[in-house]
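Starting from the structure of chain A, add chains B and C where the hints point.
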Amino acid sequence: MSATDIQIAICGSAGDGTIAAGNILRNAVAEAGYRVISFDVYPPEIRGFGKCISRLRVTTEQVYSLKECSDVFLSLDDSHAIPHVGEVRDYGAVIFDSKPVVVNEEGAHISAHVRPGQIPYGFPFREISEIATGANRSRNIAALAVIAGLYRLPQAAFRRTIETTFGKKAKAVIAANLAAFDAGYAAGSDTFKLDDATFGSSGGKASGAGTVVILNGNAAVARGLIDAGIDTFFGYPITPATTIMERLAIEMPKRGKRLVQTEDEISAIAACVGAGYTGSRSATSTSGPGLALMMEVLGLSTIAEVPCVVVVSQRGGPSTGMPTKTEQSDLNAALYGSHGDSKRIVIAPTNVEGCYRCAGKAFEMAERYQTPVIVLLDLYLSNRYETVILAREAPFDRDCTKRWRKTDHDEVYKRFAQSKDDVSPRAIPGDAEGMHVITGLEHNELSRPNDQPEMHTEMSRKRHDKLDAALTHPDFTVSKRFGDDGRVDVGLLAWGSTFGETLEAMIKAQAEGIRCAAMKVVMLSPFPAAAVSGFMDDCRHVLVPELNYEGQFARLVQAELARPVVSLARVPGGPMRVEEILAEIRRLAGRTSVGATPATN
Amino acid sequence: MTHIAKPVHLDDKLEEVRSSGRLEYRSKALPTWCPGCGYFAIVDGVATVLKDMGIQLKDAVVVSGIGCASRFPFFLSTYGIHSLHGRVLPVATGVKIANERLTVIAVGGDGDGFAIGGCHVPHAARRNIDITYLLFDNGIYGLTKGQVSPTSALGFKTPTSPYENMDQPLNPLLMVLSHGASWVGQAYAGHPEHLRKMIAMAAAHRGFSFLNILSPCVTFDRTNRTYSNLGMAVCDLPADHNPTDRLAAMAIAQKTDRPALGLYYHTIRPTLGDNLDALIVKAGGTPSPSCGAGR
Amino acid sequence: MTLSQTAPRHHVIIGTGIAGSSAAEELRDRDPDSRITIITLSRLPFYHRHLLPQVFRDVDDWRTFQAYPPAHYRDRRITLRRDTRVARVDAPNRLIHLAHKETVRYDMLVVATGGRSYLPEGLVEFFPLLHSFGSFKEALATRQALPDGGRVVMLGGDMIGLNLARTLVDTGHQVTLVSGEHTFWPHQVSEEQRPLLLAALADLGIEVIDGEKRGGIAGIELGASGLPARRVVFGDGSSQHGDVVMPFFGLVSSVDFMAGAGPDIERGLLVKTNLRTTDEHIFAAGNVCQVWTDADRCYRFYYGSRNVSNMGTLAARNMTGDSEQFEASAEDEQLILDAEGRIHSPFWE
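Residue numbers (this note's numbering), protein chains in the order written: chain A, 270 to 870; chain B, 7 to 301; chain C, 69 to 417.
Source of the hints: derived by calculation from the structure; they are not laboratory data.
Don't be surprised by glycine CBs; every beta carbon is placed ideally from N, CA and C.
Just so you know, not all the hints are guaranteed correct.
[To be verified] Lysine-lysine pairs mimicking BS3-like chemistry, simulated, CA-CA at most 25 Å apart:
(1) A:K438 <-> B:K203
(2) A:K523 <-> B:K34
(3) A:K777 <-> A:K731
[Said to hold, decoys possible] In silico contact screen, one side only, chain A against chain C (beta carbon under 10 Å); selected entries:
(4) I288
(5) A377
(6) H382
(7) P385
(8) P393
(9) A455
(10) S458
Just chain A, with the same shape it has in the complex:
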């Protein structure tokens, strides 16, 4: 059986149970052993009947992004869904309610908008629910069951997921939803399938390697922090990072750990540094506006060499900007945001599994190199769901502190003692004879204020040079090359969530016969100059797609390596369009032809 790669979109209003249907579908296919990436688009309003779209891509192989076109589209509310019908490719399926309760004006029913190449499937969702349960409340379950039936997805996985989802409700609710599911499944499986979306075998749930869970980026961050042994967390709510804190607020107390919601982001990071000083694994999470407030304390963390972990989920900016839209425009802020020479470690995961790994590894790095570490996500990564395989043993070192132990009776503790690797052994409060005062002032080895030019030069060097070791941090992928080996026409250099669309574009370009490779850069500071430069040696053109206006990463690459790149910087508020990257690859490769066009007009 060929590899499965199907993208399903569910569109409706908030009141239709759209996101709930998407969640069940997502969890059920994951339960059935497929890999899933999903991303929901919510209305900006908290209540009401705004548009919701839940998109999920179901695969057997690891993929890094959603697809440009969906294969299957389910409308739970035609007025919301009609503008999105065009995202379904030719010979994909558009599934809708064939017996809506309301009388429609001409053109208000989605069947008027299904494109000629798409396959329409009308089902009476409401009626199916009513016949099966006596009520129409399970209409969304009936509708997703139709999908399950039409594509012969394993019923047991769905039934288990429904039982789990409604587990806390009355038995009658579970029973009604199961009945609606069964009826919908029967309707779907009795229907002759005409679209060409097919699900191959899932290959079963991965076993041995670990457990398969489905997480969004923020939940993965929370899980990573927990698995790496977070002790304390201080945070302030801000979209789109809040759910990291919310998840931790549930999970940390169960493990005897402490979380405090502070009065602002300054307080949050200041408390992190205070906790970090005591040897506690402490973290905070925020978005761009909060990062801006944290910058002064980040400088303190740098100069006082106190470990702290800051997870930043970017949204559209500047200022309040676009709080519910995704963007990658806080790169400069993450890299440089503070005063003075305040270099720090900045890592940016490219998928949900990466969120887990980066969060956990951030503690290792913060501790080992005695520095602030910023884990840079964006809204798209924070909120999208993917199947993640978690190892049975958390892959994180729980103690990376280079600890000071008194060896000589007369030894005076020097907090910032010179050391081969520029990392000075730490004493922490409670250690006898390790007493010292850390300071935001430039200081000498004893941490006494000292502003002599030689001292400031040497301490600046120490604080910068010690970070280079992070480029070879154990069991951490700093950068990775994909695609064609050797010389290529176009090399793609991407970071963060945009790497997903970049890789997708690369694969399509390869299919068109363009020699193409892509490198994801996970560690943005210190910059992996050798690896990136080596990659660029192989590329006739280097294209840097990213979601900001200024081409911040392109500028970083050019500043670090003094080599030209082609910047593809866009600020659509959503993920970068694969087609847009592909068009640029074609242009650079000297191709003018276009491939298959989606059903977009």
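The following block gives chains B and C in isolation, referenced to the frame of chain A:
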């Protein structure tokens, strides 16, 4: 109580200091403060209290922000953090939350605590984080050479208020009382014995204790908070003041022309650490006094 | 009736067979600014049903049969509304009520819903045991039910069925034809010709049983275990086993939804030679309509792809100002047995 100082003989004083053991708590760094600064009395007071309470050097963390007062940790031989302007309370909160075994003393001036760091005071107070906050209230920015501060008197002329200070001074005592602090007191650097006693009481309190220490800036303020002016103005709290009566405490705090010294208010309620531990128990976890710290 | 001066004219075509598709194309050519909507119950766009026997040659993707790529509709701005059931047409108000409670207003309407398989009344009760062959879905279902080398019992034997029978023989299956009055439908076959034509079928490898001689079909049953899945029982008590039993008794027009709409209906929608119904805004084309023939002074059906296609085109022209008369293609009607005993029919091309 009387604050009239008796004559002190130098040899007696030196003997008293040497035998007290509190010198162990002082670092070899000589304070950078101006001769005559009230802060000398505070650092001596803190050293004495730590010694008297039997708190080991390794178990105390003194946290400061930025300002004259904030050099304070360097003059003690405990652990310490000389942090950022205004951030003393959040940093101290982080230390205490991470390790409840540590004695955490936060120190800072009125500009540090009530101007730039003003947003943190209400929250430290209401959360009842178990730290001691010593406010060195001299009504001026000393480190930057004498600018107007949030507790400067009306009309005060400084380099940034060359004609006069037009802003109503803040009342830290009244504010902290209203924020719900569980221990609030006032002392005067010119009365070192009483100051020491008040520091000892504040440090012994389980919860957020706020000690407002009136202290003259002998270099930049020759008109308002001088030793002579303050010495004339300060008085004792009324003998019948009930320190569990918050409204009475607030009424006295408003009499800023005759600052009263002593314990204004105290109550016992769960600290932030107590509440977090209760939450951990509720969630099915096991509290630990050092939340990972000292691993 | 005056048409709206602001909104473009809306031509609606019900049905997406040969007639409807031809009409849509012609309408676009002649009325470039109009809205054109095709409404059909089918989930698929127009595809070649006469090619369906190829499913037995391992063609299982319906796209092999599709007449036009999706771009055909996109380029011509033809809205193709599929999986859409017409509940009722309100001719006086020029409204089409769709089953999902949407109302579509038309300026001109072409009914081109074609025909569906006719099943003699006596066989209706056995419908669940029969395999129809009217759509891609039914074609695939039949293929799945028929084992390699399996036997098809074909009842009636219209030209659509015989076209399939030729393919089945060619693909190694066995075909038993139960002949009767519908054999060779829609061709009119004389009593002299019939035995010769049946013999020609036998030459092709089709086993022919004379249904009349067996006393007609008395019933259809499930086969006993170990035997083929179906058993056709004749009036004389004899029987014939087969893996599938397929009825091919010609077509009847699919016109039920037009009942009460306004235009006159007999067996099909009655149209004049210009293909206009008795309602001035409604035309009809293809197997759904009976066309007035001056020569015979009666209404009659015309079959064959050329006729049907011509009717669609003609209806479109007459809707847009022309006044042409339908003339049947004689070739479409001819069934020829050549000197070597081979059958030639327009339905077999």
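Please verify whether A:K523 and B:K34 have alpha carbons no more than 25 Å apart.
Cα-Cα ~45 Å, so violated.
Residue hint A:A377, partner chain C, criterion CB-CB below 10 Å:
At about 7 Å, which falls below the 10 Å cut-off, the nearest Cβ of chain C leaves the hint on A:A377 intact, so it holds.
For the pair supplied as a hint, A:K438 and B:K203, is the alpha-carbon distance within the 25 Å limit?
violated (60 Å)
Would you settle whether the hint for A:P385 is holds or violated, based on the nearest Cβ-Cβ distance to chain C being less than 10 Å?
This interface hint holds because 4 Å falls under the 10 Å limit.
So, as I understand it, the hint says A:S458 touches chain C; can you test that by seeing if any CB pair is closer than 10 Å?
violated (14 Å)
Does the nearest C-beta of chain C fall within a distance shorter than 10 Å of the C-beta of A:H382?
Given a least distance of 8 Å, the restraint on A:H382 holds.
Holds or violated: A:I288 as interface residue toward chain C, Cβ cutoff 10 Å?
This interface hint is violated because 25 Å lies over the 10 Å limit.
Hint A:P393 vs chain C: min CB-CB distance below 10 Å?
It holds, given that the least Cβ distance between A:P393 and chain C is near 9 Å, below 10 Å.
Do the alpha carbons of A:K777 and A:K731 lie within 25 Å of each other, as the hint requires?
violated (45 Å)
Closest C-beta approach of A:A455 to chain C relative to 10 Å, hint status:
With Cβ-Cβ at 17 Å, over 10 Å, it is violated.
The structure does not agree with the numbered hints 1, 2, 3, 4, 9 and 10 stated previously, though it agrees with the rest.
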